[in-house]
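Q: If you read the sequences in order, they're chains A and B. Going by this note's numbering, the letters in the first sequence line up with residues 1 to 390, in that order. Going by this note's numbering, the letters in the second sequence line up with residues 391 to 609, in that order.
Treat the hints as calculated values from the structure; they're not laboratory data. Positions of the beta carbon are idealized from the N, C-alpha and C atoms, including for glycine. Treat the hints with care, as some may be off.
[Claimed, not checked] Looking from chain B toward chain A, a few residues come up when the C-beta cut is under 8 Å (computed): (1) R457; (2) N461; (3) Q472; (4) P483; (5) A486.
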Amino acid sequence: MATPLLKSGPEPASQADEPTSPVARFEVDAPLAMDAGVDLAPWQIAYQTAGTLNAERSNAVLVCHALTGDQHFANTHPVTGKDGWWERLIGPGKPVDTDRYFVICANVVGSCMGTTGPASINPATGRAYGLDFPLVTIRDMVRGQAMLLDRLGIKDLFLCIGGSMGGMQVLQWAASYPERVFAAMPIATGARHSAQNIAFHEVGRQAILADPNWHGGRYLDVGTRPAKGLGVARMGAHITYLSEPALHRKFGRRLQDRDAPTFSFDADFQIESYLRHQGITFVERFDANAYLYLTRAMDYFDLAADHGGVLANAFRDTRTRFCIMSFTSDWLFPTADSRAIVHALNAAAAPVAFVEVESDKGHDAFLLDEPAMISAAKGFIAAAARERGL
Amino acid sequence: MSSVTASLAPADLPQDATGSSRIDHLVMLNLVEPGSRVLDVGCGDGSLLALLRDRRGVDGRGIELSRQGVNACLAHGLPVIQGDADTDLAAYPDDAFDYVILSQTIQATRQPKVVLEHLLRIGRHAIVSFPNFGHWRVRSELLLRGRMPVTDTLPDPWYETPNIHHCTIRDFVGLCRLVGARIERASALDASGHPMRFALPWWVWNLVGTQGVFLLRRQ
Numbered sequence: 001m002a003t004p005l006l007k008s009g010p011e012p013a014s015q016a017d018e019p020t021s022p023v024a025r026f027e028v029d030a031p032l033a034m035d036a037g038v039d040l041a042p043w044q045i046a047y048q049t050a051g052t053l054n055a056e057r058s059n060a061v062l063v064c065h066a067l068t069g070d071q072h073f074a075n076t077h078p079v080t081g082k083d084g085w086w087e088r089l090i091g092p093g094k095p096v097d098t099d100r101y102f103v104i105c106a107n108v109v110g111s112c113m114g115t116t117g118p119a120s121i122n123p124a125t126g127r128a129y130g131l132d133f134p135l136v137t138i139r140d141m142v143r144g145q146a147m148l149l150d151r152l153g154i155k156d157l158f159l160c161i162g163g164s165m166g167g168m169q170v171l172q173w174a175a176s177y178p179e180r181v182f183a184a185m186p187i188a189t190g191a192r193h194s195a196q197n198i199a200f201h202e203v204g205r206q207a208i209l210a211d212p213n214w215h216g217g218r219y220l221d222v223g224t225r226p227a228k229g230l231g232v233a234r235m236g237a238h239i240t241y242l243s244e245p246a247l248h249r250k251f252g253r254r255l256q257d258r259d260a261p262t263f264s265f266d267a268d269f270q271i272e273s274y275l276r277h278q279g280i281t282f283v284e285r286f287d288a289n290a291y292l293y294l295t296r297a298m299d300y301f302d303l304a305a306d307h308g309g310v311l312a313n314a315f316r317d318t319r320t321r322f323c324i325m326s327f328t329s330d331w332l333f334p335t336a337d338s339r340a341i342v343h344a345l346n347a348a349a350a351p352v353a354f355v356e357v358e359s360d361k362g363h364d365a366f367l368l369d370e371p372a373m374i375s376a377a378k379g380f381i382a383a384a385a386r387e388r389g390l
Numbered sequence: 391m392s393s394v395t396a397s398l399a400p401a402d403l404p405q406d407a408t409g410s411s412r413i414d415h416l417v418m419l420n421l422v423e424p425g426s427r428v429l430d431v432g433c434g435d436g437s438l439l440a441l442l443r444d445r446r447g448v449d450g451r452g453i454e455l456s457r458q459g460v461n462a463c464l465a466h467g468l469p470v471i472q473g474d475a476d477t478d479l480a481a482y483p484d485d486a487f488d489y490v491i492l493s494q495t496i497q498a499t500r501q502p503k504v505v506l507e508h509l510l511r512i513g514r515h516a517i518v519s520f521p522n523f524g525h526w527r528v529r530s531e532l533l534l535r536g537r538m539p540v541t542d543t544l545p546d547p548w549y550e551t552p553n554i555h556h557c558t559i560r561d562f563v564g565l566c567r568l569v570g571a572r573i574e575r576a577s578a579l580d581a582s583g584h585p586m587r588f589a590l591p592w593w594v595w596n597l598v599g600t601q602g603v604f605l606l607r608r609q
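Given these sequences and hints, build the entire structure.
A: Quick look at the structure:
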């Protein structure tokens, strides 16, 4: 694919206030109490479901999405037209079997796909919140999901599952509402964001802030978008989702639609063209301010710090059964991060299983076709379902 | 030598309904109090853990190196983590379990003494079984053929065996003394995996036992 340099594209289809999915709306009598000290109200949360809730309401599964994910886990995406992002794991006959479980996935607070975030209209001003939106934490996201479950009449979850930032939410769920989580699967994640990860996020944010079209965060007011900044942020981040062997296998040093280097800064290499494409397509579906907020939420996440510096205290007396999973080539959330969670759960005497999946696909492996991940998930979830009598 | 002798008569063995359980597993089953908390280090496909759960109501956990083993455990609803004895035991708190089991694994660890010390720290009891390198077949391979022994319990040639720290029953008793472990019960298993019928002195066990099985606790 020959792709042009990043430029300001057309406006993305606005999903921020009127998403293509069900929405639960909370008025001023039901504010979202945020860690920043703000009671957000009114606010709304957009979600998708698959499967059917049983009469006992005991078969609910909450899927937590990653940084730039959304609620469209098992349906065609309304903006990109792509398949649901976790159809390899979730669907009829899949490990998260929609013939047996009622599966819910909600867009997180601070995102831009229908749950209240910086791209949503601030009712106080009639304009998008922009930077007037309070800083969001992982715990805020989980509080929002819990309020949605209350609204849906779901007392507790059979399973809470998610990868990367979604895995952080799973851990937060287990810490905040242990009695509401029967089984938990945090995948390719950590109990805190590492210095290296914060560093990469900061580079991405600075790229957005440096784009003149960002306009101090008020770009929606003036009808521009910091597409170059957001595109560069995505390009940088995308590298961290892959691995050197995967890059070498997919692209190597191969040239893009040419036989020789052009002696210019055109996208001579396939990897350059690929990254530019990633940047451009991302800009079409994602809000730059939401990217700032959600990366910040991940940076702030440190579950041990919230519990006296001892991670095991976050899981004290938990009855939740855990299955932790990591991937050998994931250098964003390396296996050591997962092991730290496992050790804390062991110290808390929690039932915990741990699998390190051999893969060269890097962090993104949890979204891809990894048979070893699928089979391990299938085994754990099926056994947990038996224990719950499902 | 201590006067501890074989304490497990075959009559003590539970009947195995399926006939599929390993005899050494049934021996270990007999050493574990019902309803206790057990960590099985090197738990393989989880068959011992499943047996302990189903027969003894044990709250069991496992550590296993191979992903295939871990996957098999997951499918049986057993909480097992992928890891190994040398690196993962250090992270467990003191007295986390009633029993820590190390079955046929200590001879494959890099630091058997450190591993044994961890077992005694993590568990109120430790149960250790290992192939006896003092068995007469092993001795005769070395003595008569002048070659590293290859037997039913030690089937791998020297250049690809995972067993890097062989010991005899007598050696293991020595290690128990060194780390301050009290031997609560001990037995040697014969070639069929059955505990030896009679109380015999250590030197006899060390000659005719293919495996040693020890129930230990901290002094």
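Q: For each hint, tell me whether it holds in the structure or not.
A: Results of checking the hints against the structure:
Here the hint on R457 of chain B is kept, as its CB sits about 6 Å from the closest CB of chain A, short of 8 Å. Annotation: interface hint on N461 of chain B holds; nearest CB of chain A at approximately 5 Å, less than 8 Å. Because the closest C-beta pair between Q472 of chain B and chain A is about 5 Å apart, less than 8 Å, the hint holds. Annotation: P483 of chain B was flagged as interfacial toward chain A, and the flag holds, the nearest CB pair being 5 Å apart, inside 8 Å.
About 7 Å separates the beta-carbon of A486 of chain B from the nearest beta-carbon of chain A, less than 8 Å, and the hint is met.
Going down the numbered hints, you'll see the structure goes against none, and every one checks out.
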